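Need the complex rebuilt from these two chains, each delivered in its own frame; the hints are there to steer you.
Quick mapping for you: the protein sequence lines, in order, are chains A and B.
When we follow the working numbering, the leftmost residue of the first sequence carries the number 1, and every step to the right adds one.
When we follow the working numbering, the leftmost residue of the second sequence carries the number 1, and every step to the right adds one.
Fair warning: there could be bad hints in the mix.
Unchecked claim - Distance ranges between label pairs, derived from CB positions:
#	chain 1	residue 1	chain 2	residue 2	range
1	B	A40	A	S312	30 to 40 Å
2	B	A113	A	D417	13 to 23 Å
3	A	T237	B	P18	55 to 65 Å
4	B	G174	A	G710	54 to 64 Å
5	A	T236	B	E293	49 to 59 Å
Stated by the list, open to error - From the structure, some residues in chain A lie toward chain B, with a derived Cβ separation under 7 Å:
#	residue
6	G130
7	K133
8	I135
9	R136
10	R138
11	V145
12	L307
13	P311
14	G372
15	A376
16	A428
To be verified - Covered by chain A, per the in silico footprint, the following chain B stretches (three or more residues, Cβ under 8 Å):
#	region
17	52–65
18	97–110
19	263–273
Since the hints were derived computationally from the structure, they do not count as laboratory data.
This one's a predicted model, so the numbers in the text were calculated from it and none came from an experiment.
Just so you know, even glycine gets a beta-carbon here, dropped at the ideal spot from N, CA and C.
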Amino acid sequence: MTDIAVGEAAGPSLVHGDADDLIRDYAPLADVHDELMGADGKVRPHWRPLLSALAAFDADTLRNRFGFADRHLRDSGVVHRVYDTEGGSERPLPLGHIPLIVAPEDWQRIAAAAVQRATLLNLVLRDIYGEQKLIRERLLPAAAVAGNPEFLRALVGTRPRGGDHLKFFAMDIGRGPDGTWWVLSDRTQAPSGAGYLLENRIALARALPELYRSLNVERLAEFFGEFRRALYDLSTTSARRVGLLTPGNFNETYFEHAYLARYLGFLLVQGEDLVVRDGTLHVRTITGLQEIDVILRRLDSTFADPLELDPSSHIGVPGLVQAARDGAVAIINALGSGVVEAPAMMGYLPALCQKLLGEDLELPHVATWWCGDASARDEVMDDLESMAVGPAFAPHPSPPFGSGFEAFGDLSPERRDQVRAAIAARGADFCVQEAVTLSTTPIWHGGRLAPRPFVLRVYATKTDEGWTVMPGGFCRISETLDARAVTLQRGAKVADVCVPANAPVEDVSLLSPEVQLETLRQGDMLPAITAENLFWLGRYIERAEGCTRLVRALASRLIDYDAHEDGVIVELGDLLLDIEARPRPASEETAASETGTAEDQVEVPIAGEDGQTGFEAEAHSPALEAPVQIDGAFAMAALTDAMAVGSVASLAASARRAGSAIRERLSPDAWRMLDDFAELANEKPALHAGEAEAEQRCNRLLTLLAAFSGLAHNNMMRSAGWRFMQLGARIERAYGTAQAVRHLGAIKRTPGAFEALLGVLDSQITFGMRYANAPMRSQVIDLVVLDQLNPRSLAFQAGRIEEHVGFLGSIRGPAGPTESEKLSIALFARLKTVDNADTDNAFLGEVIVTLESLASAIARDFFSAYRRQSETWGFGPR
Amino acid sequence: MQYDLRHRVTYSYETAVPESRQMVRMSPVARDGQRVIASALTIEPEPQERIDGTDFFGNAWVRAVINEPHDELMVETRARVDVSRGAAPALQESPPRAALPELTLNANDLTSASPVHYVFPTAMVPILPEITRYAGAAFAPETPVGDGAFAVAQRIRDEFRYDPEATDVATPVGASFEARAGVCQDFAQIMLAGLRGLNVPCRYVSGYLRTNPPPGQPRLEGADATHAWVDVWCGPEMGWVGFDPTNALVVLDDHIVLAIGRSYADVAPIAGVIRLFGGQSHDVAVDVIPVDEPAAVQAPT
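Next comes chain B alone, as it looks inside the complex (with noise of 0.2 Å):
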């Protein structure tokens, strides 16, 4: 499946903004299973200097610093990706819960590629006694990784209520898992708490999921989002098959990869350091469109 993506992040400042300094990581890389055909990020204003980079997860990133006062910052992506993870793996044949911890530990590997990184808490993923048990109530040593992974995410799903208003990007995991409620990004998250405190490898992964408009209305414009979920390490043989906890679903062509890491500290679209003295406000629009789909209407306002 080929997408035509566009995220576009807008920063509206109250007073203009003298310095500021952001590291982006907004521009989608190929992967297993993904095709990156064309990519281009702007940002406006031109930045004074402008870095272009690869972390060492593998995302590209853009260090921009920009010296002159503005009001507005713009960054923006445009970039066709082509997706083609092939069938569901079969979960079953994943190895045991029981057998990673001696598979992880032994890796001889310190590339990102290794599931070494992802077993270890972070400051925004601790491993907490409380998330350990809730995951491992729903996935049991014998069973194996990727059937309990999406046994998992099934529970998360089921159990805790879609909220954008119970949490911000700032939430600590104990906090949304408290509430029961919040976003894909605190889904992920718990997921990732659960799964590491059982000692399974699993890294955040953040980008975009296509959405269907309802039957017989086009798309409007600007009106998808980006989106979060989880990879899990399902052994050397099967390797990091994609679970998504806000849809209870295996992550196949309908999801596509933007960045990973081991929190969403590591993948974060934007972050910076900025100058200001008034207040901001900012504006997120994404589009995922599939290459065959009708062209899109603007959204009204």
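So here's chain A without its partners, still in its complex pose (with noise of 0.2 Å):
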């Protein structure tokens, strides 16, 4: 099924007897353009070697393959969303499985036109943030500037660092009835898409290799290396180093932001982590600020300073427009590039051209009139029935009309007069654009191929040498039949494109020498923000291990159960109670915090909400009335109710929480672990579900975990970033070794307690090993105590702690022993030298105590000096 020829090599011959079973039913719209196929019912020629690739597979190995690409595209979690204009709700956009064949001799048209109108728009950007000659000469009009909220007066007069506003271009195409590619937006204010094209791209051909490699499918990878080359080389300082600033962790192409900052090497950013001091960009990091210098800007950029562009704007940078005016900073694309991608910059794009290039535009766009001209606006009122409508500076929204344009002819009667009022009133704020329809493309479609409409984004980038095109690009398909423009905004599904290539191609990846020296520079820039996510990550994670195996050990005994062990069963609810994976009782509510929080407050960034805050949860779960009652419903709700802020299932919540915002620091596998523990933990049990169902939840959890645990510790580099997740981790495990040996390890023995400790904490393999005998406190507190060998052990917790501090310590620098070493010193010290029999509860309270001063001057040593939660905005009085 391999040796399918390529490219040009046409002719009937090369189609195999099922290929023509896969286009029997294929039906091209009347008066549409099909991609596959041609007016006179024939395969176009550079479609064929795709179909006779598709007809080697049988049906049931297509849709395994198909199945595969997008297990991948979930598992990766870089599936491209949209916001559904009808439900206001974010809907993920799937995988249409056949890609979108551009023919090389279209495609270098296509490219030629995306050089042109980025090296036009640049052109046009400079001039409104400078000269304003085209103004002044009235080749564009003022008030078409003017009226949108991207034209930025606080960067006019200012140029950028290296002089081009756009290094980022893109554009979105079709193509009409009679063949020709009609240009239907320009994307200059930060193009999205190119994550998630690279990622469908990566699944398809790992689900069908056979068939990209006989595409002979130019590759994707070089234009990154170019664009990421572009980066670097705007940077002046010695560091080197390029941010992507991204608006946040709850904005809907976050994943895209998370998996390009990876894929490309640069630092994933949010406006907090960024301080503009001394005139300079810096990035917040555990070893204090770090310069930086070239930002990827995926925030609009009215958002990216509220001191001078939108003072609400919480996620942007105090000080970054005059660190863009000074020079400081070069950010891409330009704050302000947003200004040119309007519908009212359209209609005057020809006669620009024209002035500055003087050549005629390469693709014509869609006929585009601004109504803030009056004769442009005499022109199309009356014919409005068979034109579209909508703001003049979209995505901007000019009331009656969202973000996008609307087919005039398919308002209501109400809303048409609404419309013609508005554009009487205040014509400015309003474009009409000639109805275009767009070509089909084959989808895959309940077992075979089926035309649908598209719209084709292409991408751009400007280097040394000049702008090159990206060979492919985003397609969005509509899952309707209906091919008119304005219908497909958003899209519904995704495809990749392919651009055939004239000679073999070669293998590039991003991971040249080159490429990786720059991706360890990034290494020891760990950002605050992330640092404690990580922490908290690692906290969250072995806080619920802890959880999980006393909900284990408390099933086991209620499964087995031995009227002995009624108090064993009775001390390990306590401890959940304790532990708040169960609420108190209201008549218990005062005794329950014994070990008492001394600690100052220590905020989590992301992971916080539900304000954990330390130890023993800030806010109390609700409490029961009636007396608890320890069983197996007892058990499998400590597991699975997430109103109890120290249930297994709030703690998964809460990891995953702290891994979203730290998702470009997890491998896939881990991510998908972590997912798959939080999406288990949080599974309703069934109807009266018991011990027994409790225990088998619990061994699926902690295989899970252990799997997360083992990604991590073989995968993740040994940076500072895997230090703050072991330290989360360890620090959690010494509290919850602390609270079980207080618990079970009391000098009055309750029968079977010991061995329930020995279970709890995972040791009794070791003591069985050790011991042949009954266990004795000595031998067990020996065990989980003190000895330095047990992973499991307080004193092999505090050892590892006083590392990790210890190097963290070191990285900043020669200044002296920080809070957090000198109480980790002494923790150790402690564990090392206190006597088997002075281990009473006493000792483990103050071991507990440490801890949790320990927790805070992490905070204070290496998160909180960088914190920018507490920041008051606004204006002054009045």
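Written as structure tokens, this is what we have:
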């Protein structure tokens, strides 16, 4: 099935008998261009290799392969999401499994047009923010610029570092019935989709390697390599750092940002990670402020700086505009670049192209009339029936329109009147566009090919040698057969875009030596907020594991019930109440917090919305009225009841939240484990599920946790980030061990308590190998508290904590020991020198207090000094 | 008329603020009919970084960063300004409102003097149909812009209640319009929203208004206030004319301009970011003293 000839080697002989089957029912729409099939009903030559390759698979294989690609995308988390305009909710765009094949000769034209438009818009931007000659010469109305919220007055007179406003450009194109490609819109603000298309390509190429080999498709990696080099070349500091500025993990394209940062080796930063000091931009890291001077901006310009742009923005960087003005930072694309992507600009581009480049536009764009121009408005007002109407400065809305265009003919009579009146009253807020029809491309639908309308996004980047175009793109496909462009503003599916190469393509990987060097340079840059999230991820995971082990110990004792062990069951139940896995009855509330949390407030950046700030939950779960019944239902609820802040379900959700904020630092496998763990922990139990189900659930949860920890242990770089995650886990385990020993290791022993303690601390096998007798307190204490070789013991945790804190202290420079170092040294020393006989509950209480102080000290030493949480924004008094 | 201005804003913080970043627009600059004889801006504590500049609208700003813990921040401007705008323009000679869209939208000027910046909605001054209708009821399309703008200012003065408790610095224009109450900032923004809805270019002006102490009594120190009003573009010949909707006045020599912009957001005297751990309070003291007037006395506390 592999030896299928390539590219131009056309001819009916290559079409497998089955290939005809594939297109037997394929029926292009009337008066619409179809990419696959010509008007004569024949498959176009550049599609034949694909059809032949597809025909080589039987239906089951194909279904499996497509399923594989879907799973790959879902597991990677890189799923393109759009806001559903109707429901207002987010929905993912699934992968359309058939790539769009663009003929090389078509592609040449498209690529030339992309270079031309990027060049043109770059020059227009330079003029708007510079001399404004085009405006004085009436090639561009001043109001078509001034009315655009993306025209940033604070940037007028500023020339971006390197001279270019645009470094990354995209345009959406479609093909009309006569076969001509049309430009539908330009993207200059912060073009999205590049991460998705990359992942789509990887998913499909892995699922159908034979197909991709036979298509001899142009690779994408080289383009991304050039893009990265162009950005690194803008850096003038010795550190050579590039940051990708994201609005944050609540943004619908955050996963793409994390993915691209990882792929390109850029540092993923949010506004609060950055600070302008002494005219220079810095990242707040665990080792203090580190310079950074190139920013790939995925944040809309207006949000970039509350001091000089939108004052309500909490996701920007105060002072960034001044840093850009001073040339201290190169921002890609430059602040204010979004102004030229407005529909209001479009009608003026042909004349601007003539003026600035002395040539016609390579590709026409959709005819667009800005109604601020009285003569343009008069031209189209009587013709609206066949037109689309929308905001002049889209995506900024102009009531009665939202952010997009609508087909006037589709509007209700009342709305038509409303729109006419709005245009008559304030024409400058609106544009009218010719309604265009798109071409169709095949998707895989119900086991066969079916045509669907699509829009293609083409990308270009500017390097030292000029603009270069990505040989591929982002294709959004409609779910319906309505081929009008206006109905496909968001799309319903996405597809890979393939440009067949004329010569065999070479393998290019981004993992070239030069690239690795750059990646390593980023290795020592750990933003403080990222460190804090890693720390909390470690804590939540470990806390969840400890809780799960307690539940399992309880469940197994309920299953093999022995009345002698009633005391142990009560102690285990009490432990679970202590850690708030279940709410404690109101009557016992006051007695609950005996350890006392004298610690300072430790805030959690992402993970902390539930109020879990330290060892004991701050916001207590609602108290129960009735006395607690320690039974199977209790055990199950300790796992699954997300209402209790200390339940495994809650902890898993918190771990997942902390993990999602540092998504780019976790491997896809680790992320999947975390995801699966959170899902299983939150899965609703069957009605009347008891101890047996609880035990089973515990076993499955512990398997997933072991897989996650194994991945973290084996695959994570031993960088500062790993240290913070470990530190969180060690502190949490030390705390859990101390608590367990307090409850189950008391001198006045409860029958079976020591066995339970060894079980909860996973140390019964070691104990069995060492001692033949029934456990005695001194032996148990030696193993779970003092033995530095037992990875579950308190002393072992203290040793690791000292090591990690020492390492982290050392990378901060020679300023003397940090507070956290002093505390960790003292803790380890105390555990190394205490006598077995002195390890009573008072001693354990002392250890717990030290751990709490240590967690606070770590927060102070590494996180809180750089936190922006407490900032107050806004205007002064009036 | 010459004035000695003093405008002081003092913030007091419950706990020390470790870092503060402020954008200060409190220095008057020379404009049509206004000359600055002397001006000085003081910030205490002394900022570690201080940059002076001029924004798009020609307003002077100072960007200050204070990196040392401080529990009080004081910004004070002292200036002597000469204002002489001459007689009120003949408003009835301004072009009719209906002629303005064409004059504005055909402009081939994108500098801040151009009217094109001042007809579009902004975040703080959106165009709302109810306010457009309210302004339109007092302002027919064939009415000269100057007369119509005065009529709108007068309608606002007559029908709105002056009430500092009704709104705050961030109250949206729709809310103060519905309440029919507010202060000078609200009235100015309502007038802006209404006129812009009618395609009349107009801009937000912050500044000061001369007040006269009761007859026979001396002026109290620090008892004046900042003020806000509206500049309306009355066609290319007449240019910008000030209208004060709080007092239903055409702006003459009693008004001193501090800053202009599209809305309050462009001219806020102080806007900034601080790291704050406790509460804060502030105090504003303004003096607008005609130069030939006897010295003021301390206000009783």
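Results for each hint:
Separation of A40(B) from S312(A) is about 32 Å and conforms to the stated range, judged on CB atoms against 30 to 40 Å. Checking the proposed 13 to 23 Å range against A113(B) and D417(A) shows it is violated: the Cβ atoms sit about 38 Å from each other. The beta-carbon spacing between T237(A) and P18(B), approximately 26 Å, falls outside the hinted interval of 55 to 65 Å. Under the hint 54 to 64 Å, the C-beta atoms of G174(B) and G710(A), about 57 Å apart, fit the expected range.
The beta-carbon spacing between T236(A) and E293(B), approximately 57 Å, falls within the hinted interval of 49 to 59 Å. About 11 Å separates the beta-carbon of G130(A) from the nearest beta-carbon of chain B, more than 7 Å, and the hint is not met. Using the Cβ-Cβ criterion of 7 Å, the hint placing K133(A) at the interface with chain B is not satisfied: the shortest such distance is roughly 10 Å. Hint on I135(A) holds. Least Cβ distance to chain B is approximately 5 Å, under the 7 Å limit.
Proximity of R136(A) to chain B holds as hinted, the smallest CB-CB distance being about 5 Å (cut-off 7 Å). The restraint placing R138(A) at the interface with chain B holds, with a minimum CB-CB distance near 5 Å, inside the 7 Å limit. Hint on V145(A) holds. Least Cβ distance to chain B is approximately 6 Å, under the 7 Å limit. Because the closest C-beta pair between L307(A) and chain B is about 5 Å apart, less than 7 Å, the hint holds.
Restraint check, P311(A) versus chain B: the minimum CB separation of about 6 Å is within 7 Å; hint holds. Residue-level restraint check for G372(A) holds (minimum Cβ-Cβ distance to chain B is 5 Å; threshold 7 Å). Evaluation of the A376(A) hint against chain B yields a violated restraint, the C-beta minimum of about 11 Å exceeding 7 Å. Annotation: A428(A) was flagged as interfacial toward chain B, and the flag holds, the nearest CB pair being 6 Å apart, inside 7 Å.
Interface restraint, the region 52–65 of chain B with chain A: holds (5 residues with C-beta to C-beta distance below 8 Å; minimum three). For the region 97–110 of chain B, the assignment as covered by chain A holds, since 9 residues bring a beta-carbon within under 8 Å of that chain's beta-carbons and 3 suffice. With a cut-off of 8 Å between beta carbons, the region 263–273 of chain B has 8 residues touching chain A; three or more are needed, and the interface restraint holds.
Hint compliance for this structure: hints 2, 3, 6, 7, 15 are broken, all remaining hints hold.
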